[in-house]
Amino acid sequence: MAVAGSSPVGEMMAAVPGIPCEGEAPVFTEPWQAQAFAIALSLQQKGVFTWGEWAATLGDEIGKARAGGDPDDGSTYYQHWLRSLERLVGEKGIASGDTLHRYVHAWDHAAHRTPHGQPIELQEQDFH
-3 MAVAGSSPVG EMMAAVPGIP CEGEAPVFTE PWQAQAFAIA LSLQQKGVFT WGEWAATLGD
57 EIGKARAGGD PDDGSTYYQH WLRSLERLVG EKGIASGDTL HRYVHAWDHA AHRTPHGQPI
117 ELQEQDFH
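For the sequence shown, our numbering gives the first residue as -3, with consecutive numbering after it.
Hints listed in this document are in silico derivations from the structure and should not be mistaken for laboratory results.
Here a beta-carbon is modelled for each residue, glycine too, at the ideal position from N, C-alpha and C.
Misleading hints may appear alongside valid ones.
To be verified - Using C-beta positions, here's what the derived DEER-type ranges look like: (1) Ala52 <-> Gly93: 13 to 23 Å; (2) Glu20 <-> Thr46: 15 to 25 Å; (3) Gln121 <-> Thr46: 37 to 47 Å.
Between the sequences and the hints, there should be enough to build the whole structure, so can you do that?
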């Protein structure tokens, strides 16, 4: 992924310090990290929040984690990213905490019933 200052990814990289990188590209150790990155990028592009709001929220979440004993060695960076996403989605009225919890539970249920290597698909039964 090339990062030019005028690209959305380049803008994010410039505005949000601390993104784990290799060269000029973000590095993800697990697929969910790339997905969280893409969701944040998409929501910013749609005007849900600004990079300034994102950076402030992420910084606050990292600060809370440090205060709670987070090792701050980069290994938990995208966990803070995910908490920031959940927080902004709630603050912006996109989804309540209850809705997010409901989907997390449904996803866990769907993952447990899905054979390894198959795509996970949410079904109505997963929400009960």
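Taking the hints in turn, this is what the structure says about them:
Checked against the hint of 13 to 23 Å, the pair Ala52 and Gly93 passes, with Cβ atoms roughly 20 Å apart. Separation of Glu20 from Thr46 is about 23 Å and conforms to the stated range, judged on CB atoms against 15 to 25 Å. Our hint of 37 to 47 Å for Gln121 and Thr46 holds, since their Cβ atoms are close to 39 Å apart.
When the structure is compared with the earlier hints, no violation turns up for any of them.
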